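**Q** So the protein sequences, as listed, match chains A and B. Numbers 1 to 385, taken from this note's numbering, label the letters of the first sequence in order. Numbers 1 to 388, taken from this note's numbering, label the letters of the second sequence in order.
Fair warning: there could be bad hints in the mix.
Claimed, not checked - No farther apart than 25 Å at their CA atoms in a straight line, the calculated lysine to any residue pairs in the SDA-like style are these:
#1 B:Lys155 x A:Glu253
#2 B:Lys2 x B:Glu287
#3 A:Lys15 x B:Val374
Stated by the list, open to error - Pair ranges (Cβ atoms, derived):
#4 A:Lys125 x B:Ser260: 38 to 48 Å
#5 A:Ser232 x B:Gly143: 22 to 32 Å
#6 B:Thr111 x A:Gln260: 19 to 29 Å
Since the hints were derived computationally from the structure, they do not count as laboratory data. Fair warning: this is a prediction, and the values are worked out from it, not measured in the lab. Note that the Cβ used here is the ideal one computed from N, Cα and C, for glycine as well.
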Amino acid sequence: MFLIKLLFRNAFRHKLRTALTVLGITIAILAFGLLRTVVSAWYAGVEASSASRLVTRNAISLVFLLPSSYREKIGQIDGVKTVSWGNWFGGIYIDEKNFFPNFAVDPMTYLDLYPEYLLTPDEKKAFVHDRKACVVGSLTARKYGWKLGDTVTLKGTIFPGNWDFVVRGIYRGRDKGTDESQFFFNWEYLNESIKKTSPQRAEQIGFFIVGIKNPDRTAEVAEAIDRSFKNSITETLTETEKAFQMGFVSMTEAIVIAIQLVSFVVIIIIMAVVANTMAMSARERTGEYVVFKTLGFGSYHLVGLIFGESFVITLTGCILGILATFPAAKAFGDAMSTFLPVFFVSPRTIYLDILASIIVATSAAIIPALRVTHIRVAEGLRKIA
Amino acid sequence: MKIPVAYSFRNLWTRRLTTIFTASGMALVVFVFASILMLAEGLRKTLIDTGSYYNVVVTRKASGSEVQSSIDRLAASVVETQPEIATGPDGRNLVAKELVVLINLQKRGSTKPGQVVIRGVTDTSLIMRPQVKIAEGRLPKPGSYELLAGSSIAKRFQGGGRGERLRFNNREWTIVGVFDAGNTGFNSEIWGDVDQLMQAFRRPAYSSVIFRLSDSSEFSTAKARIEEDPRLALEAKRETQYYADQSAAMSKFLRILGISLTVIFSLGAIIGAMITMYSAVANRTSEIGTLRSLGFQRRNILYAFIMEAMLLGFIGGCTGLFFASFLQLFTISTLNFQTFSELAFSFTLTFPIALNSLLFSLIMGFVGGVLPAVRAAHMNIVDALRAG
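Just need the whole structure built from these sequences, with the hints factored in.
**A** What follows is the structure in structure tokens.
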């Protein structure tokens, strides 16, 4: 008890310096936490995807489509339970900066495969039966103030023209990591409309989502699907939803790596600041430490004092920083919801925060602690004189 | 009478460990600051060099990019006959009907995919982009399954080098040459004969029509005529503007990231400098008293400490900039999320960036040093002397 009191007294002896150091740590932990949250938001799509769903698309790239007749062929493959399909629509709501992902999907099968999008039975029914219906995530609905029954017009970039939809459902995510920014509408609506305007582009599908009976057989089923279209005019590429999402993320890997690097740099910067504070404190107190030594305290006592003080300062800053991370992440997440729809501070980030501050506290105390253990009593006493 | 700069410098030297800690904190901040500016500059330079002010890109209205656009043959031939189009050395119009699609390729030495632009071009495409030069091999023969790869593709993607083969649409394609397009986005593309590629991908329509203006001031006339033609649903942009729009989101992202990181990091470094300077002042209380009793003014003391802090910032700034300059050896290749295709650009250090970074480090030093310096300057002579 006495020791802890001494540690706190020591730590706050220089109020201004300690306050500044704690503030610096708070800022650093806050920055570190936010950057880690950005990184995990980047991987949110991968985290939220299921291992028991497969994605089949054109082997050349996503720009090319597949004939709609493939859905029957995929359905016949052994191990396949449900087949759903959709197209990336790429519509723009009023202005390009109002971005949210929008897809034309087959309502019944799609909702079957994605139980994490929660809709009431009435909403589900309306989505299936109304050809102009659309379902939006609560994040997007809130952002643009859409309510059930509202008409929403999207401007097509891939499929020209203005497209009208009626909001028939607003879905919520089952889990914290579910993307609540997406927009779905009936694939038949898209298909029937382009049949009239450009018939050669109709009956084409961007991707199939395949639900399988036994999750252990994903690799086998994926291979069976690709094998059945091998050497055809349009070959397919099938992978688990996780791998598919990962493919996207790995294309932007350079950015993620940069953010990760920067998050470590901020920790190194703060390490320098804390180490500096500790070095200064220890230098000033050389005299006291020598007195301790003279009184018979061992080196490990003094080392304990220095380490303890470093931990008191760093952990205070760390706790303040973690507390500040939550409101900051909320504000940042709201501002960036277009780019990163899933944005929350994960427990993992908190653990990393604590780990980082322990490393900072330890490494900051090492040099001063070494100095103290090596100093000779006479030399130290001379220093104060 | 002024306190010499050497006094400030020697003070830093005496307390080396502290100086190193503080300066290295600042160096890291300057490093991050400079590297983000360099990245943004690299992207900007790539965009500027890619487009030509004299070229016009025509795409389908509201499509936003060549990949999403399609122009049927009839519409393309209407665009082809615009009177503003320049004539080439051989008497033909400088216009190219191009196809732009994306294909998945694997990066060298990994299983990671990238999406690469394949551009179907004609012989005029090369004349209109003088920055594209053949570095190795030769041009593809018209009507053959031969391709030309940009140097960044040749380096980074499997099957992209000269003599290597790519397989898509049940056909083998041979890379017969590599082109170097300098610092441009074309380096991240693969070029081939437009007619062959349209057939291979079974695309009946072109993606875009590019033409060169005979007089660059006639752009608005040509644009108005194309966009108001009731037979066409097309839009025209200068090539420079087109490429700037393509990366607007990326530039914005880099800007937001850069500003927020710099602000947060510099707060940390300023606090570091403040701690150092406060302790410098506290340790030298009696020294300050002596200086004052020797006749130095409060002003002189203030200057001396601010000078010391700025010197600290300057050391940090130079170190950070020194390490940042090595980043120029690196190229970043990432997905441009607007076009969904690979774009490579490198860190570019310019004189204004170097100047800004050093200025920034001096400002950090100043802000960190000003409060401690004020405290030093306001010390009472008698109290200060007694403190020793």
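**Q** Hint check: Lys15 (chain A) vs Val374 (chain B), CA-CA at most 25 Å. Holds or violated?
**A** Given that 25 Å is the threshold and the Cα spacing comes to 18 Å, the pair holds.
**Q** Given the hint that Lys155 (chain B) pairs with Glu253 (chain A), does the C-alpha gap stay at or below 25 Å?
**A** Given that 25 Å is the threshold and the Cα spacing comes to 18 Å, the pair holds.
**Q** Please check whether Ser232 (chain A) and Gly143 (chain B) have a Cβ separation lying inside 22 to 32 Å.
**A** holds, 25 Å
**Q** Holds or violated: Lys2 (chain B) and Glu287 (chain B), Cα atoms, limit 25 Å.
**A** holds, 16 Å
**Q** Could one say that the CB atoms of Thr111 (chain B) and Gln260 (chain A) fall in the range 19 to 29 Å?
**A** Distance hint for Thr111 (chain B), Gln260 (chain A) holds at roughly 21 Å.
**Q** Assuming the hint says 38 to 48 Å, is it satisfied by the Cβ distance from Lys125 (chain A) to Ser260 (chain B) or not?
**A** holds, 45 Å
In terms of the numbered hints stated before, the structure departs from none.
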